[in-house]
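Chemist: Below are the chains, spelled out letter by letter.
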Amino acid sequence: MTFEKKRKLWNRAVRVGVYTASMLTAALLVGLIGYILYRGLPNLSWQLVSTQTSYIRDTIGILPNLVNTVYIILVAMAIALPLGVGAAIYLTEYSKNRHLTRLIEFAAETLTGIPSILFGLVGMLLFVQRMGLGAGILAGGLTLVMMILPTIVRTTQESLKTVPQAYREGALALGAGKWRMIRTVVLPSAVDGIVTGCILAIGRITGESAALLFTAGFGLKLNNFVKALHSSSATLTVALYVYASEQGKIDVAFAIALILLALTLVINLGANYAGKKLRRN
Amino acid sequence: MNVLFFLCGIVTVGFVLCICIYLIVSGVPAIGKIGLGNFFLGKIWKPTATTVEPSYGILPFVLTSLCGTAGAVLLGVPIGLLTAVFLAKVAPPKTANLIRTAVQLLAGIPSVVYGLVGMIVLVPAIQRFFALSSGATMLAAIVVLAIMILPSIINVSETALRAVPKDYEDASLALGATELETYFRVTVPAAKSGIATSIVLGVGRAIGEAMAIIMVSGNVPNMPKLLGPVRFMTTAIASEMSYAPVGSLQREALFSIGLVLFLFIMMINVFLNVVIKKERR
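So the sequences go chain by chain: A and B. Take the first sequence: its position 166, counted from the start at 1, is 166 in my numbering, and no numbers get skipped. Take the second sequence: its position 99, counted from the start at 1, is 99 in my numbering, and no numbers get skipped.
You can trust all of the hints, since none of them are fake.
Below 35 Å or equal to it, Euclidean Cα-Cα: the simulated DSBU-like pairs (lysine-lysine) are: (1) K96(A) <-> K277(B); (2) K96(A) <-> K277(A); (3) K8(A) <-> K192(B); (4) K249(A) <-> K221(A); (5) K161(A) <-> K166(B); (6) K46(B) <-> K33(B); (7) K278(B) <-> K276(A).
Each pair of labels, with its calculated beta carbon distance range: (8) A166(A) <-> L74(B): 49 to 57 Å; (9) V49(A) <-> K33(B): 47 to 55 Å; (10) I24(B) <-> Q52(A): 37 to 45 Å; (11) Q247(A) <-> L74(B): 29 to 37 Å; (12) K249(A) <-> P78(B): 31 to 39 Å; (13) R130(A) <-> P165(B): 52 to 60 Å; (14) F40(B) <-> H99(A): 33 to 41 Å; (15) S134(B) <-> Q247(A): 17 to 25 Å; (16) R98(A) <-> E179(B): 38 to 46 Å; (17) N97(A) <-> L17(B): 13 to 21 Å; (18) L98(B) <-> R98(A): 40 to 48 Å.
Treat the hints as calculated values from the structure; they're not laboratory data. Here a beta-carbon is modelled for each residue, glycine too, at the ideal position from N, C-alpha and C.
Starting from the given sequences, assemble the full structure and let the hints guide the process.
Modeler: Set out below in structure tokens:
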């Protein structure tokens, strides 16, 4: 084969490859969403989302799992948000020791890479067994704090860095103390980044399952907040796993998958919107 | 105030230390009791055998995790890289935005949802295509993992491709190379450290994934076989932890598997930090 012919063939083959791969990626998502809609929509009913599973009436309801997901988001965020924002403030505003900053950033990076099943393992050992909290929303939420902390630290840190130095100098020149300067000038200018971080963290919590199996548990009963803290409570994702793998209730699982998909979509749009606002400022 | 923020900052370091210590303290004793050789090189995992001596060899899990990850990378990287080139260079902006949104959504879908769709669509398809008694095989897990690592490969590679100076491409085009030749022979090699990072991140995600593959891989502790049911390190922990009695050697051995998984992740982290980041500098 001549060089010219070979070259033409290569170009054509690569073009086909590039287009096929991209179409495949797009088709994967469309197929996935389409299939979940097709299987999930007919099974989604008001009864399913508004009641709890009853063996007497032989009905299945996922209200407890919806509620547990909200509980665990509240618990994890209530702890991780102040902690993460505090850490970011320390890194950008206070820290003078370069080695310590590097160490903290390296630790956050390491946490990002650890698989969720290991968080689940350590969470079980530390919170459920050592601290004796029992499997429940509290132990699960604390485990999730370890997981989502790096996300909040990183996004907050990034937006704190974009606050112009002149703002800080202006506040200090007017006689504000350091904490007052941070509270009244720096943090309000960085609020979009913090919101983005929170949305991403909520997305991660909503989709998490492996870390919650042994920390929050499999319980499908509806409990009030205080009781749920210490009793086995399955979130939506864990409930999907239980219904699909252990009870063979595929229809219910697809209905939950549809709800999770909708939540993912909303969270994605929210993060995009907040991110865009951040860039505009 | 200073001290309070310092404490927030140091918490991430505390978490990492906590995870290291708990995994080592709870993982090492079982390895000692079982014996290094029997644990790492034993091909048989039968912790609950009663008629014969129980056996705790984790070689099948380790090899399965490695083979599964390698398979997912072989399948996912070409598709991901081609899509990244399409997004960064070939596609018109509107198409690129659409596919980028799709990729972002794929990244946000919870792993149990991938597992569910894999279980209902992929597993029966494999069973029919290869005329097997069950389609829950390593192949199914590889396909699911490949889809799950696509978003991180596409995102990170695309960013790297975009960062290549325009001059390089202009020079290549001026010398008479076609656009595609330029992208693949100039831009891709110039972005190779970023692309390598994306692959390593994909490896980390694949080796740590548990819930998606537990639903499609058959969950039998065999040596790795493409068309046979297998069990990964992560799925071994997830599936047995709930019924392994507290204080038993089986439970301790599961913690040891967690420790081994952690070591793999740390090796990936070190590789990422030392080899790739150094090259970039």
